[in-house]
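Enquirer: Okay, here's what each chain looks like letter by letter:
Protein chains: 2
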Amino acid sequence: MNFTSGEDASQLLSLDRIRGQLIRLEDTIIFSLIERAQFGLNEKIYQAGAFKDELDSQGSWLEWFLYEIESFHAKARRYTSPDEHSFTPLEKLPKPVIGLQAYPTLLHDPAARHPSVNVNSKILDFYVKHIVPGITPPLDDGNYGSAATRDVEVLQALSRRIHFGMFVSESKFLSAPQDFIPHILSNPPNTEALAGLITKPEVEAKLLIRLRNKARVYGGEMNADGTVMELSDAELKARGKIDIEQVVGMYRDWVIPLTKDVEVDYLIHRLDGVPRSQIDAWLGQS
Amino acid sequence: MNFTSGEDASQLLSLDRIRGQLIRLEDTIIFSLIERAQFGLNEKIYQAGAFKDELDSQGSWLEWFLYEIESFHAKARRYTSPDEHSFTPLEKLPKPVIGLQAYPTLLHDPAARHPSVNVNSKILDFYVKHIVPGITPPLDDGNYGSAATRDVEVLQALSRRIHFGMFVSESKFLSAPQDFIPHILSNPPNTEALAGLITKPEVEAKLLIRLRNKARVYGGEMNADGTVMELSDAELKARGKIDIEQVVGMYRDWVIPLTKDVEVDYLIHRLDGVPRSQIDAWLGQS
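Protein chains in written order, with numbering that gives the first Met the number 0: chain D, 0 to 285; chain P, 0 to 285.
This is chain D alone, in the form it adopts within the complex (with noise of 0.2 Å):
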């Protein structure tokens, strides 16, 4: 998200500017995937101590990647922003080297900015086990530096994508907050009716119909004059740049609940440290 662009709150919170940006990072997340996808699989990448005498480390080979880059981004400045979350723990990274940009407050607790759940581990876990298998013939080709450097990009447009449900509950809490309050107080809060409040099937269901034809056209031939070649399914498997099903099985499978866990959690703790009057005055407006 764009946080400086001279917008307040109210508009960077509105629901149709944040589906956009959702919108918008599946295009990230399904080409980053596609570039990732011309290397083999290089299984040896994602062992921990493969690379032990080499890396001077127990550390997968990404890992370290994950490591180098996130250090660098950090002296920049990237995790301040409040989209952003590093898979290296925090503490781990230098500090930016310039001053930090003034973000509207659009979060309820700083603090949420690092949910309980830890999202980037799973994130890491699925896309290791799961989505690089299922894109990459198994092979050692020896590219390992172009491999993890694709799988850094994936991981950190995952990350944003998924760590942005905090945006979606806080937009959709503060459009009702009166419909979350009681679950949310409830001991233990009630997630069940939490997730039920966010959660709307017909929208996941047009967004596994989007992907699946952006992944078509992303992913598909091109004719020799740059126009996108019409195949059937099967040919696209044969010929495409990457398996299409693998890129929805990923949104339904991981992604979309992954991010429902995110926004639940965020919603858990939306009335942490808030004052009784204002629950009050939020109730009354029911």
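Just so you know, the hints here were simulated from the structure itself, not pulled from any lab data.
All figures in this text were calculated on a predicted structure; none of them were measured in a lab.
Beta carbons are placed, not taken as given, at the ideal position from N, Cα and C, and that holds for glycine.
Treat the hints loosely; a few may be bogus.
Claimed, not checked - Listed next, the in silico PhoX-like pairs over lysine-lysine satisfying Cα-Cα at most 20 Å (straight line):
| no. | chain 1 | residue 1 | chain 2 | residue 2 |
| --- | --- | --- | --- | --- |
| 1 | D | Lys74 | P | Lys128 |
| 2 | P | Lys43 | D | Lys51 |
| 3 | D | Lys199 | D | Lys259 |
Unchecked claim - Here are some chain D residues pointing at chain P (derived, C-beta under 10 Å):
| no. | residue |
| --- | --- |
| 4 | Glu53 |
| 5 | Asp55 |
| 6 | Gln57 |
| 7 | Glu67 |
| 8 | His72 |
| 9 | Leu92 |
| 10 | Val96 |
| 11 | Ser145 |
| 12 | Ala147 |
| 13 | Asp224 |
| 14 | Lys240 |
| 15 | Trp281 |
As the list claims (entries may be wrong) - Per the computed footprint, the stretches of chain P lying under chain D, defined by three or more beta-carbons under 8 Å from a beta-carbon of chain D, are:
| no. | region |
| --- | --- |
| 16 | 27–38 |
| 17 | 53–67 |
| 18 | 72–81 |
| 19 | 206–214 |
| 20 | 222–231 |
We have chain D already, so just place chain P on it with the hints.
Expert: Structure of chain P alone, referenced to chain D:
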């Protein structure tokens, strides 16, 4: 190019294969330009010394990004690959931490990997002066890190694309050495004749048409279901994610001419150190 897929040099140097790579790189370049176009111009990141206190350097913010990212990529052996060229001088970059890959020898002279024409500095120059101002709004939105990250991605892709000219030259030279040799050996070398031998105006015309169509697809708008929206040129200009004319103009005015410089420069040095007997044998083929 995936140099390690077990194919031999003649397969890797087939013109069809090289063309396939160049066409694939168009997608990467267009998409990274679209990603950059999300952010403002942020002119400050291109000005030498604008962050001299923070970076302790007289260079620009972008040069700092190039240096830091290339330093890391050098450790991951990126610049040992015959199709990769760093913007930072190699002697300022760290050594690879892992052993080198075994690449088949595809180019004549390893020294030719660093052509006497310093093409990367020209790429950086046209990109900063002509491309970024053409695809971004003239704003400082403070997204210095996001903008420079995308700049590095565009620059790396452009550098690969343009230096690929060496493989094109080698492939064309080997297919008809007798046509090239007299122009290489004339004193001074006949660069115009060499350029004529590698230039196919009809291929270039097709490339620009293909590029325009790809930019329309990737940079255009999608319908809510992810199918490509049919828009007029004027609508695209107003609503699209990137100015298509800028993409086409970049290839026409910069990428194609600079690639030709690389190709001719490579050919001029193609016979350096080649024994007379080999040259005679090639000439005898005619």
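Enquirer: Take the hints in turn and mark each one as holding or not.
Expert: Quick rundown of the hints versus the structure:
Among the hinted pairs, lysine 74(D) with lysine 128(P) is inconsistent with the structure: their alpha-carbon atoms are about 26 Å apart, more than 20 Å. Simply put, lysine 43(P) and lysine 51(D) have alpha-carbon atoms about 41 Å apart, too far for the 20 Å limit, and the pair is violated. For the given pair, lysine 199(D) sits about 11 Å from lysine 259(D) by alpha-carbon distance, which is consistent with the 20 Å threshold. Because the beta carbon of glutamate 53(D) sits about 5 Å from the nearest beta carbon in chain P, less than 10 Å, this interface hint is met.
For the restraint placing aspartate 55(D) at the interface with chain P, the shortest Cβ-Cβ distance is roughly 9 Å, inside the 10 Å limit, so the hint holds. The criterion of a C-beta within 10 Å of any C-beta in chain P is not met by glutamine 57(D), whose closest approach is roughly 15 Å, and the hint is violated. Residue-level restraint check for glutamate 67(D) holds (minimum Cβ-Cβ distance to chain P is 5 Å; threshold 10 Å). Contact between histidine 72(D) and chain P, as hinted, is supported at the beta carbon level, the nearest pair being about 6 Å apart and thus within 10 Å.
Because the closest C-beta pair between leucine 92(D) and chain P is about 13 Å apart, greater than 10 Å, the hint is violated. Interface hint at valine 96(D): satisfied, since its Cβ lies 5 Å from the closest Cβ of chain P, which is below the 10 Å cut-off. The beta carbon of serine 145(D) comes within 8 Å of a beta carbon in chain P, closer than 10 Å, and the hint placing it at the interface holds. At a threshold of 10 Å, the smallest CB-CB gap from alanine 147(D) to chain P is about 7 Å, leaving the interface hint in force.
A hinted interface residue such as aspartate 224(D) counts as satisfied when its beta carbon comes closer than 10 Å to some beta carbon of chain P; here the least separation is about 5 Å, so the hint holds. Satisfaction of the interface hint for lysine 240(D) is found here, the shortest Cβ-Cβ separation to chain P being roughly 8 Å, below the 10 Å cut-off. The beta carbon of tryptophan 281(D) comes no nearer than 33 Å to any beta carbon in chain P, farther than 10 Å, and the hint placing it at the interface is violated. Here's how the region 27–38 of chain P fares: 6 of its residues keep a CB closer than 8 Å to some CB of chain D, so the rule of at least three is met and the hint holds.
Counting residues of the region 53–67 of chain P whose beta carbon lies closer than 8 Å to any beta carbon of chain D gives 4, which meets the minimum of three for the stated coverage. Residue count for the region 72–81 of chain P with a Cβ under 8 Å from a Cβ of chain D: 5. That meets the three needed, and the coverage hint holds. Under a criterion of three residues with beta carbons nearer than 8 Å to beta carbons of chain D, the stated coverage of the region 206–214 of chain P is upheld, 6 such residues being counted. A stretch counts as covered by a chain when three or more of its residues have a beta carbon under 8 Å from one of that chain; for the region 222–231 of chain P and chain D the count is 5, and the coverage holds.
Checked against the numbered hints given earlier, the structure breaks hints 1, 2, 6, 9 and 15 and satisfies all the rest.
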